[in-house]
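Protein sequence lines correspond, in order, to chains A and B. According to the UniProt record's numbering, the first sequence is numbered sequentially starting from 1. According to the UniProt record's numbering, the second sequence is numbered sequentially starting from 1.
The hints are simulated quantities; they were obtained by calculation from the structure and are not laboratory data. Computed from a predicted model, the values in this text were never measured in an experiment. Watch out, some of these pointers could steer you wrong.
Unchecked claim - Which stretches of chain A does chain B cover? Using the computed rule of at least three CB atoms under 8 Å from a CB of chain B, they are:
| # | segment |
| --- | --- |
| 1 | 95–106 |
| 2 | 256–263 |
Stated by the list, open to error - Only some residues are given here: those of chain B computed to face chain A with a beta carbon under 7 Å:
| # | residue |
| --- | --- |
| 3 | GLY223 |
| 4 | LEU225 |
| 5 | ASN229 |
| 6 | GLY235 |
| 7 | ASP282 |
Quick reminder that beta carbons are idealized off the backbone N, C-alpha and C, glycines included.
Here is what each chain is made of, one letter per residue.
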Amino acid sequence: MAKETSHSILKVEELSIGYKSKKGDTLIASDINFELQKGQLIGLVGANGIGKSTLLRTLIKVQPELSGRLFLNQKDLKSTSILELAKQLSIVLTEPLSSKNLSVFELVSLGRHPYTNWIGRLTEADSAIINKALTLVNITALKDKKCYELSDGQLQKVMIARALAQDTDLIVLDEPTSHLDMYHKAYILKLLQKLTKETGKTILFSSHEIDLAIQLCDTMIVMTKDQVVCNQPCQLISEGIFNALFPKDLIVFDEKTGSFRVTK
Amino acid sequence: MKINYTYQFLSLTALLLLCFVFNLSLGSISIPFTEVFKSLFASTENKTWEVIIMEFRLPKALTAIMVGSGLGVTGLLMQTLFRNPLAGPFVLGISSGASLGVALVILGSGLFGGLFATALITKWSIVIAASLGSFLVLLAVLAVSNKVRDTMAILIIGLMFGSITAAVVSVLSYFSSAEQLQQYIFWGFGSLSNLSWSEILIFFLIYALGLVLSMFSIKGLNGLLLGDNYAKSLGLNLKQSRLIIILATSLIAGTITAFSGPIAFIGLAIPHLTRQIFKTTDHKILLPAVFLFGAIVMLICDSIAQVPGSDYTLPINAITALVGAPVVIWLLVKQRKMMF
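Model the full assembly from the supplied sequences, consistent with the hints where possible.
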């Protein structure tokens, strides 16, 4: 038991998520419990509007939780300052960049922000980490391009490189595959898998690519109306969890192929 | 790997020095370059020239440098903070806030009775009123911009603040004497001259404080380029950064407006001009570049405003608009898109 917790990167206990407002809280999902292990690729899936983004936003401290406890590296997230958090958790969001005039190198180097001095000067070590991140994601050739010149797929890779440059144990990505074609969806998820293997970082992403996630993830978190389940993909299949994801009138889950098909 | 801008910085600094000397030598009386240097560093035989340089042209040139560089820097800060390429101290109503403060002091003294009337209209009361006015308007714009995410809406709200202050100024004008009105209108023309050395010192101190604050916001500004959530995820204290940026802007823009009047377009146009040469978004490079560029352009505008060889001095505000507006149009036509 003690050995198990030492590998835990993110632990969620009795978590309830939703929106706080003056008129009363809007509950989106409750009774969420899971524990994520170091070095794993974790996919978060669920239907539209089920609260994937809300859960991720709660995990990355953009949005306050309604109740429950969150532990990042065994430390309560509430008592983690934003600067400490920045050194342990990096994010890739769906929201567009404020300025697309940034060059790729400039954008990736912003990942070093939590470590640089008051004016943000990059040391040799910082530059080495930035270049390593560029190499890992295979975008060194794009280094001097401006972000407005990039395709969606390239921009997503750049954002991942920026998160890598931040050198955190955990990287959280909100729908990194949206707006991408089939090839690039697979490419990005495969890249994330490669990164967990090569860097030992934990990567948590939300996605609608359930079939790809089943093939690539070490662990999956499935959000359905009734519960939030976290387990290995094959376990989840044999428990029939994926059948509960969507209404059954249009698509059904095929356990043999691990993908959904349209009902005839 | 990292692009080095040493060459550009050196040429800009050289250009700034050239414009500075040029500005000193031009005016209703043309003074040769050599004599300009002599009056600055040694003494010249021609005492009239020395007085003209030391008492009139040098303070004016220094004011021009502070006004130009200060407005350029605040323009850059505002464009990044509001994520809007059209932002600037003038567009967002900060200058109109300062105008309102000044109007209340100059025009309102008639309204609020004789007690203050004479005591109030000193340069200092104008400075304080302008700084307060710009600070309050900036706070109001920022408060609204936290609620409204749409940058166009923020811009329109800034314009509305401008309209409100203009309306209040109109009401005040209605109750004012011709003399007060004239004083206010002349302040509105903008002027770089008529500052004594002690006034320049105070100007410099507040302006320098603002510049130091903006230097400390460089890292935050770079983080803001990504957007609020990303900036926060990088460990940036958003509230604190915003406050420092606003404080720096209101100190600089407020003092400039107080001492030299509301000077248009420099704050908006200079950052865009700078980006034509410095193709980076890194504020470590942009901030000093905008500083140099602003000072150079302001010195040139001032040289034009003096109409060399004549006794006329045109309102500086008209010249900056004549230079600035075409620049913005040219950039839009050239790039079809404005970036920040």
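Hint numbers contradicted by this structure: Violated hint: only 2; rest satisfied.
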